Structures are given as structure tokens and as C-alpha cells.
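Protein chains: 2
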Amino acid sequence: MYEVELKVRAGHEAVRQRLSSLGAEDAGTVRQIDTYYDAPHRDFAETDEALRIRREEGEDGSTTRVTYKGPLVEAESKSRREIETGVDDADDLDSILDALGFSPAAVVEKERERYVLDDYTVTLDSIADLGEFVEVEHEALESDLESTREGAADRLRDLGLDPDEQIRTSYLGLLLDSSQ
Amino acid sequence: MYEVELKVRAGHEAVRQRLSSLGAEDAGTVRQIDTYYDAPHRDFAETDEALRIRREEGEDGSTTRVTYKGPLVEAESKSRREIETGVDDADDLDSILDALGFSPAAVVEKERERYVLDDYTVTLDSIADLGEFVEVEHEALESDLESTREGAADRLRDLGLDPDEQIRTSYLGLLLDSSQ
Numbered sequence: 037m038y039e040v041e042l043k044v045r046a047g048h049e050a051v052r053q054r055l056s057s058l059g060a061e062d063a064g065t066v067r068q069i070d071t072y073y074d075a076p077h078r079d080f081a082e083t084d085e086a087l088r089i090r091r092e093e094g095e096d097g098s099t100t101r102v103t104y105k106g107p108l109v110e111a112e113s114k115s116r117r118e119i120e121t122g123v124d125d126a127d128d129l130d131s132i133l134d135a136l137g138f139s140p141a142a143v144v145e146k147e148r149e150r151y152v153l154d155d156y157t158v159t160l161d162s163i164a165d166l167g168e169f170v171e172v173e174h175e176a177l178e179s180d181l182e183s184t185r186e187g188a189a190d191r192l193r194d195l196g197l198d199p200d201e202q203i204r205t206s207y208l209g210l211l212l213d214s215s216q
Numbered sequence: 037m038y039e040v041e042l043k044v045r046a047g048h049e050a051v052r053q054r055l056s057s058l059g060a061e062d063a064g065t066v067r068q069i070d071t072y073y074d075a076p077h078r079d080f081a082e083t084d085e086a087l088r089i090r091r092e093e094g095e096d097g098s099t100t101r102v103t104y105k106g107p108l109v110e111a112e113s114k115s116r117r118e119i120e121t122g123v124d125d126a127d128d129l130d131s132i133l134d135a136l137g138f139s140p141a142a143v144v145e146k147e148r149e150r151y152v153l154d155d156y157t158v159t160l161d162s163i164a165d166l167g168e169f170v171e172v173e174h175e176a177l178e179s180d181l182e183s184t185r186e187g188a189a190d191r192l193r194d195l196g197l198d199p200d201e202q203i204r205t206s207y208l209g210l211l212l213d214s215s216q
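Chains as they are written, first to last, in my numbering: chain A, 37 to 216; chain B, 37 to 216.
Any given hint could be a false lead.
The list cannot tell twin chains apart, which means a pair is met if one copy fits it or any two copies do.
As the list claims (entries may be wrong) - Okay, derived cross-link-like pairs now, SDA-like style, lysine to any residue, Cα gap no bigger than 20 Å in a straight line:
hint : residue 1 : residue 2
1    : K146      : L87
2    : K105      : D134
3    : K146      : E82
4    : K105      : A63
5    : K146      : D194
6    : K105      : S139
7    : K105      : G137
8    : K105      : A126
9    : K146      : T157
10   : K105      : E95
11   : K146      : D180
12   : K105      : D154
13   : K105      : E201
14   : K105      : E92
15   : K105      : F138
16   : K105      : P76
17   : K105      : H48
To be clear, the hints were calculated from the coordinates, so they are not data collected in a lab. Owing to the predicted nature of the structure, the values given are computational and were not obtained by experimental measurement.
Chain A on its own, in the form it takes in the complex (with noise of 0.2 Å):
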């Protein structure tokens, strides 16, 4: 399974209007502290992986899960191999990233407003020391990448917004940027 999104620079409260116009749905708020990890035998800049430990706190209490992102298949939208699954405690898998060597490289802290409309999930990000973006995203196979995309490049121009000024460079990468 693969996840196509496609995120722009945008304020929140004209996109909330539309949404609410357009009668989407409310899928609730959360709070993610993701944490991004170095390898100790790869370069992931270079190889264009990730790996994240991800603590969520919504309103039914908080979760950990941790992810691998695979190299872009599609850089269109961005789409990537993505493995993940559920973890009970967030500080011991850090440990046990630790002791194999891996070491965080970076945290990204998110608010996440989140809507369903017309089964993309859109997402009212407020990143810390970044700002506001929405992004819109969908789950596809491999043989559907393309239509995804093109039904996500529509979500967004039904909330006012430009496809074209689609941001490619992820949040950390945004960060990581900033920082320089």
C-alpha cells in the first residue's frame, strides 16, 4: 500500500469555510511529536528512507507507532512505501533503537486537524517553528497511484487552494532547511 499526498502553504481559517461548506467531515484533533531517526549503516538523506517513532495524543489518549518510509516511488505525489505498527511504550523502542545503533536526528512537533471529504483525508497542519499547511491524502495501490493523485489534486482546488504550489519537501525536510 502506498500513500499519495500532496500538502501547500496555506492559512487555516478560509480552508475550515470551505470545508464546512463543502459538508465535510470532522475527524478530530492531535497532537504528534514524531521523532526521526539516523541509521548507522545508511545514509537516509541519501537513500531517501525514514524511520520515525511517532507519540500521538487525540482525545482518546495517546498512542506510539512506528513507521519506515520507503525512497519515492511517484515524485509527482510524493508517494512512498510506508510499514507501520503500533508500539506499547515510545521510550523503550527508543532505547532499543538506541542500543542497534540508530540515533534521533530530528522531532517534529504537529497539531493536526483533521476532516474526511469524499474519502481523502484532509489535514489542517500547525507545525512548530513552520507554520500552517494542508494536506490531502489518500491510501493507494500501486496501480492507482495516478488517479489518486489526481482526485487529491482535485480535493484541493474544492478548498480554494493551488495543486500547483504543492510543497514536495517533507515537514523534517522543511525543518531540516530552516535550520541551515
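Put chain B on the given structure of chain A with help from the hints.
What follows is chain B alone, placed relative to chain A:
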């Protein structure tokens, strides 16, 4: 926290009778399938570390845990640093490890019948392709390693077993030895 373990090869029937007459508490039986991984950047056989995914089925359903074991800190009692956390999906974690370059090296299948005796865990292990063993375990702080080891040896004697017959090789090691 360290794990102190003393293990001997022993038929289970006589030990079950001693446990019963000593008033040990039956803590249930579980089936475990352990997969050990090779690392892409270190030879765990040389560094004396291990990375394991354990799938466990018991009366309360099935669980998965991931465990890192560090090198021996005290050879006598086989004490190691262990870091462990539960994970939601064994197959997803296996895929993440695979993507990172870790590969399954060996599988150990056990049936483990557990008892609690004087706060120590006594486990009657039936290991596929190896036979029957009895293991006495207890967690210990680094400062308590020696006294905890002595307590474990006393429990073995109470069960009619000889701590001097301790097997220091792991089930994984015994299986690898027997397959050579």
C-alpha cells in the same frame, strides 16, 4: 533492569511434583515462536547481542513483543540488559526490520509452562527439536545480581535439580549447535 536466568536440562514430570508439593502457583502455559534477526551492520554472534520478535499465544489471546538483548554483563547467571516493548503486528515489524536490512536468522518454538515459586518464575520449557528444560528467572538491579543468582540456584535445588548443571547456551545457540 537485568534478567537473571538459570537453566538446566530436566524431565518435567518429577519437577511438576516438586512444584506442587512446594506450593508453587501455576501461572499458565504459553506457546512462543521467537524469530531472531541478523543485523546489517554488526555480527550479533560476535557482539553477543540479539534482536528478537516473539509471537506468544496463551489463554488470554496472542501478543507480540520485540526485544533487544545486550551482551552478557555477568557470565555466571547469564545476566544481560534486556529492553522490550509490545507491538501490534508482528508481520509489519518484520517488514520494517527487513526494509532496514535486518534478516531472520533462526526460529525457536517453545511451549512454556510457568509457575511462581518464592517470587521466582520457574518455567518448564519444551523446545522443538531440543527437548525439556527447567529455567528459574528473576529480574534484578545491577547491585542485586549476585544475591538474585544465589536465590535462583536455591530454587533449583528445592526442585531437586543441580545448579552446577546449568546450561549457559541459549536455546537459539543449542539449536544452532545441533544443526551443525
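Do the hints match the structure? See the list:
1. K146 / L87: within (17 Å within a copy, 32 Å between copies)
2. K105 / D134: both (19 Å within a copy, 12 Å between copies)
3. K146 / E82: Neither way: K146 and E82 sit 25 Å apart in one copy and 42 Å across, limit 20 Å.
4. K105 / A63: neither (24 Å within a copy, 40 Å between copies)
5. K146 / D194: neither (24 Å within a copy, 57 Å between copies)
6. K105 / S139: The answer is both: 17 Å in one copy and 18 Å across copies each meet 20 Å.
7. K105 / G137: both (19 Å within a copy, 13 Å between copies)
8. K105 / A126: This pair counts as both: shortest intra-copy Cα distance 18 Å, inter-copy 18 Å.
9. K146 / T157: The answer is within: 16 Å in one copy meets 20 Å, while 44 Å across copies does not.
10. K105 / E95: neither (27 Å within a copy, 36 Å between copies)
11. K146 / D180: Cα proximity of K146 and D180: none, with 29 Å in one copy and 43 Å across.
12. K105 / D154: neither (26 Å within a copy, 47 Å between copies)
13. K105 / E201: For K105 and E201, the Cα distance exceeds 20 Å both inside one copy (24 Å) and across copies (48 Å).
14. K105 / E92: within (18 Å within a copy, 28 Å between copies)
15. K105 / F138: Both, since 15 Å and 15 Å are each at most 20 Å.
16. K105 / P76: both (17 Å within a copy, 18 Å between copies)
17. K105 / H48: Neither, since 27 Å and 47 Å both go past 20 Å.
Figure legend: structure checked against the earlier numbered hints; hints not met, in rising order: 3, 4, 5, 10, 11, 12, 13, 17.
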